[in-house]
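Visitor: Line order of the protein sequences matches chains A and F. Positions 1 to 112 (the working numbering) are the ones given, in order, by the first sequence. Positions 1 to 114 (the working numbering) are the ones given, in order, by the second sequence.
Treat the hints as calculated values from the structure; they're not laboratory data. Everything numeric in this text was worked out from a predicted model, so none of it was measured. Beta carbons are placed, not taken as given, at the ideal position from N, Cα and C, and that holds for glycine. Among these hints, one or two may not hold up.
One side only, chain F facing chain A, incomplete, derived with CB under 8 Å [stated by the list, open to error]: (1) Leu44; (2) Val60; (3) Gln61; (4) Gln100; (5) Thr102; (6) Gln103; (7) Tyr104; (8) Phe105; (9) Gly106.
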Amino acid sequence: AQSVTQPDARVTVSEGASLQLRCKYSYSATPYLFWYVQYPRQGLQLLLKYYSGDPVVQGVNSFEAEFSKSNSSFHLQKASVHWSDSAVYFCALKGSNYQLIWGSGTKLIIKP
Amino acid sequence: AQTIHQWPVAEIKAVGSPLSLGCTIKGKSSPNLYWYWQATGGTLQQLFYSITVGQVESVVQLNLSASRPKDDQFILSTEKLLLSHSGFYLCAWSPTGGYQDTQYFGPGTRLLVL
C-alpha cells in the first residue's frame, strides 16, 4: 500500500536553530517525493522534489531534503530557521492515476 | 509564466444553498487540473482531476461535482451545501500528468457553511 507518514504534528524550534521535519513513505517502486509549504490562509507552494539521482536535493529558501531508500524516508532540513518559516509543511508521494498521497502535515513554530 | 487564479477568495453560505467555485490557469495550454479539499488544520483530500476539456474523473465526491468547460477553466459545484463542505478548496495544475509531473497550487477559496 502507498502511504506517507509525518510523525510530528507540531515542531517548535528557536530562530536560528537547525530544523528537521520527518517524512516516511511506503511505496513498492521508485518514489517521486515532494515537500510543500502552506503559509497561514494560503495555498501550497512547492519547496522541492525528488525522483532520482543525488539523494540530497536543494529547494527554495535554503531548504533541502535527504532521500533514504533503506529507511523509506525523505526528511526536510534547514540549517538556520527564520521566523518567516513558520508554516505547515506537507510531504507527498506521487501515486497512480494522477494522485498525490499526502502526509498529515507538520506545523512548524519558530520561537524568538 | 503560468498563473492560477481561484474565485471567490472566500464564501459564507447557508446549508442547502448552491455553490460554484472557479479556477483559471493562464500561460499553459492543456494543463491537467485538480480540485482538493482541506479541512481546517487538516491534510489535503483530492476530489477530482481533469486531463482534457469536458472530461473529469472523480476521486472522492463528497456530494460535489466538477466540470471543465474550457481548456483553462475548472469548476467545482453542488446544488445543496452541507455543513461538512466547510473548509479550504484548492485548485492545482500540472503540465503533463506523467510520472515526473509536479502539481502547482492556486491561492485557495475558503468556504464556511452555516
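Visitor: Decide, hint by hint, whether the structure agrees.
Guide: Okay, the hints, checked on the actual structure:
1. Leu44: Status holds, d = 5 Å.
2. Val60: 10 Å, violated
3. Gln61: Violated. Min distance 15 Å.
4. Gln100: Cβ of F:Gln100 sits 6 Å from chain A, so the hint holds.
5. Thr102: This interface hint holds because 6 Å falls under the 8 Å limit.
6. Gln103: 6 Å, holds
7. Tyr104: It holds, given that the least Cβ distance between F:Tyr104 and chain A is near 7 Å, below 8 Å.
8. Phe105: 4 Å, holds
9. Gly106: 5 Å, holds
Consistency with the previously given hints fails for numbers 2, 3, ordered from lowest to highest.
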